[in-house]
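Taken in sequence, the protein lines are chains A and B. So the first sequence is numbered by this note's numbering: it starts at 393 and just counts up by one. So the second sequence is numbered by this note's numbering: it starts at 393 and just counts up by one.
Be careful, since some hints might not be right.
Same chains, same label: a pair holds when it works inside one copy or across any pair of copies.
Unchecked claim - No farther apart than 30 Å at their CA atoms in a straight line, the calculated lysine-lysine pairs in the DSSO-like style are these:
(1) 554 / 419
(2) 515 / 571
(3) 424 / 522
(4) 611 / 424
(5) 568 / 516
(6) 522 / 611
(7) 568 / 522
(8) 480 / 419
(9) 424 / 515
(10) 419 / 568
(11) 554 / 571
(12) 419 / 611
(13) 554 / 424
(14) 424 / 571
(15) 419 / 477
(16) 554 / 522
(17) 477 / 516
(18) 419 / 515
(19) 480 / 611
It should be emphasised that the hints constitute simulated quantities derived from the structure, not laboratory data.
Number of protein chains: 2
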Amino acid sequence: MVRFFVDPEEMQPDFLVLTGENAQHAKVLRLKNGEQVLVCDGQGRECLCTVSDVSPGQISLVVNRRQDSASEAAVQVSVYMAYPKADKLEHVIQKATELGAWEIVAFPSARCVSRPDEKSLKKKLERWQKIAASAAQQSGRGRIPQVATVGSFREALDRGGKADKALLFYENEDQKTLKQALRGTYTTVSLLTGPEGGLEIAEVEQAVQAGFQVCTLGKRILRCETAPLCALSAVMYDAGEF
Amino acid sequence: MVRFFVDPEEMQPDFLVLTGENAQHAKVLRLKNGEQVLVCDGQGRECLCTVSDVSPGQISLVVNRRQDSASEAAVQVSVYMAYPKADKLEHVIQKATELGAWEIVAFPSARCVSRPDEKSLKKKLERWQKIAASAAQQSGRGRIPQVATVGSFREALDRGGKADKALLFYENEDQKTLKQALRGTYTTVSLLTGPEGGLEIAEVEQAVQAGFQVCTLGKRILRCETAPLCALSAVMYDAGEF
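Here chain A stands alone, though its shape is the one from the complex:
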């Protein structure tokens, strides 16, 4: 079923109107009176609706049923990624959204080659959030994961360390597996990975102090954009999502 995202305040109890980009999208899809669509508030609530009128730039809908989105993961996984080079963060945002991440948080670390300045950050965040919205729509999610940034590695640790399972993946760790780290129950998980050059040992020690467990993702060295998606897939699997 086609899925539209609207702002939460646009979610009305009986009737809804799609405008702007949503109306354009509906036009491309040639939506007709009587067809059923899903309208989501991007925060996990959605309405099953029937198209009642198609006008240029405006689609009117009758709300049939309101429900919690059925496609959201029960486990809340936050992906903490050190700023990578080029457009790798965009790739990770898109894929992590598909895979069901709760949020994606970018942070600077010692060996980050690229880190956006204050000025460009606002524009970039807008762009990143759009990528998440588009991937959420395509993959049928009811919630758009937040894309956030924090100003320091320390902040990333403080924020991520609060999860039931706060995990850092380090290529020099060869003992503790993700499977061991996930033993027991959890509803929130933070997955933290480094930039191209890896995390510094001092950073890993700092993370341990902040409550992170240091784990391996296996005997092969994963690229910085592969590691978070591999870990996220495995956590979703472990949590019983598929």
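Could you slot chain B onto chain A? The hints should help.
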């Protein structure tokens, strides 16, 4: 440690010589006498060597020890992917190699928009194999996964169906999870996924006849390039790789 791949027949018991691209790579890395390197035959055997002479276009090595590669997965996972559009197959080859896939097999299916013709296939296969070799080197693998193609969906089923676990991922399956399908022991796994438009129901039925189990990858619809990597990550996790 730096890692070079040579053809199996170049693996000599006591002395080795690196030439061509390997010698160029060694020059870029400024390898010096006395440094240790790993030389792999791309099939899982490797030699720990010491550099004994650096000449233009030729690096001489003394073999210290021969060993099986320690970075290969115990489970052999074959990734069967329907030809996707654009350069998505290249992306999957690179990432699946990092994640430890045994081989990547591309095949045509009913809804494939792109399928290379006989003429372009030879060149493409060469290119794909190079991508696998480069990813194997970067991720520290001792074996370069084979990239293969088969001419029909039927052939993909016959070839992939022989694995201990032959699994097809289908967006309309909502009962059988990957976790259920992986119960019991296995050493070989085939993971089959469709193109952008998905597999046809007749193809799914054909796969079941050929011994495939049909599974879900969760409540979200994954892009055709995300699904195989998500499944591969989960299988590696399930098999105890990390």
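Each hint tested on the structure:
Within a single copy, residue 554 and residue 419 get their C-alpha atoms no closer than 45 Å, and across copies no closer than 47 Å, so neither meets the 30 Å cut-off. Proximity of residue 515 to residue 571 under the C-alpha cut-off of 30 Å is found in neither arrangement, the shortest distances being 38 Å within a copy and 41 Å between copies. Taking the shortest alpha-carbon separations for residue 424 and residue 522, only the intra-copy value of 27 Å comes in at or below 30 Å, while the best inter-copy value is 49 Å. Taking the shortest alpha-carbon separations for residue 611 and residue 424, only the inter-copy value of 27 Å comes in at or below 30 Å, while the best intra-copy value is 54 Å.
Taking the closest pair of Cα atoms, residue 568 and residue 516 never come within 30 Å of each other, the shortest separation being 36 Å inside a single copy and 40 Å across copies. Taking CA atoms no more than 30 Å apart as the test, residue 522 paired with residue 611 passes between copies only; the shortest distance there is 22 Å, against 35 Å inside one copy. When the C-alpha separation of residue 568 and residue 522 is checked against a cutoff of 30 Å, the pair qualifies neither within a copy, at 36 Å, nor between copies, at 33 Å. For a Cα distance limit of 30 Å, the shortest separation of residue 480 from residue 419 across copies, 29 Å, qualifies, whereas the shortest one inside one copy, 32 Å, does not.
For the homomeric pair residue 424 and residue 515, neither the shortest alpha-carbon distance inside one copy (36 Å) nor that between copies (47 Å) is at most 30 Å. When the C-alpha separation of residue 419 and residue 568 is checked against a cutoff of 30 Å, the pair qualifies neither within a copy, at 53 Å, nor between copies, at 36 Å. In this assembly of identical chains, the alpha carbons of residue 554 and residue 571 lie at most 30 Å apart whether taken from the same copy (20 Å) or from different copies (29 Å). In the homo-oligomer, the alpha carbons of residue 419 and residue 611 lie at most 30 Å apart only across protomers (27 Å), although the nearest pairing inside one protomer, at 50 Å, exceeds that limit.
When the C-alpha separation of residue 554 and residue 424 is checked against a cutoff of 30 Å, the pair qualifies neither within a copy, at 48 Å, nor between copies, at 47 Å. In this assembly of identical chains, the alpha carbons of residue 424 and residue 571 never lie at most 30 Å apart, being 49 Å within a copy and 40 Å across copies at closest. For a Cα distance limit of 30 Å, the shortest separation of residue 419 from residue 477 across copies, 25 Å, qualifies, whereas the shortest one inside one copy, 37 Å, does not. In this assembly of identical chains, residue 554 and residue 522 lie within 30 Å of each other by CA distance solely inside one copy; the values are 27 Å within and 43 Å between copies.
Proximity of residue 477 to residue 516 under the C-alpha cut-off of 30 Å is found in both arrangements, the shortest distances being 14 Å within a copy and 28 Å between copies. In this homomeric assembly, residue 419 and residue 515 come within 30 Å of each other (Cα to Cα) only inside a single copy, at 28 Å, whereas the closest approach across copies is 42 Å. For the identical chains of this complex, residue 480 and residue 611 are neighbours both inside a copy (23 Å) and across copies (25 Å), given an alpha-carbon limit of 30 Å.
Hint check: violations occur at hints 1, 2, 5, 7, 9, 10, 13 and 14; the rest are consistent with the structure.
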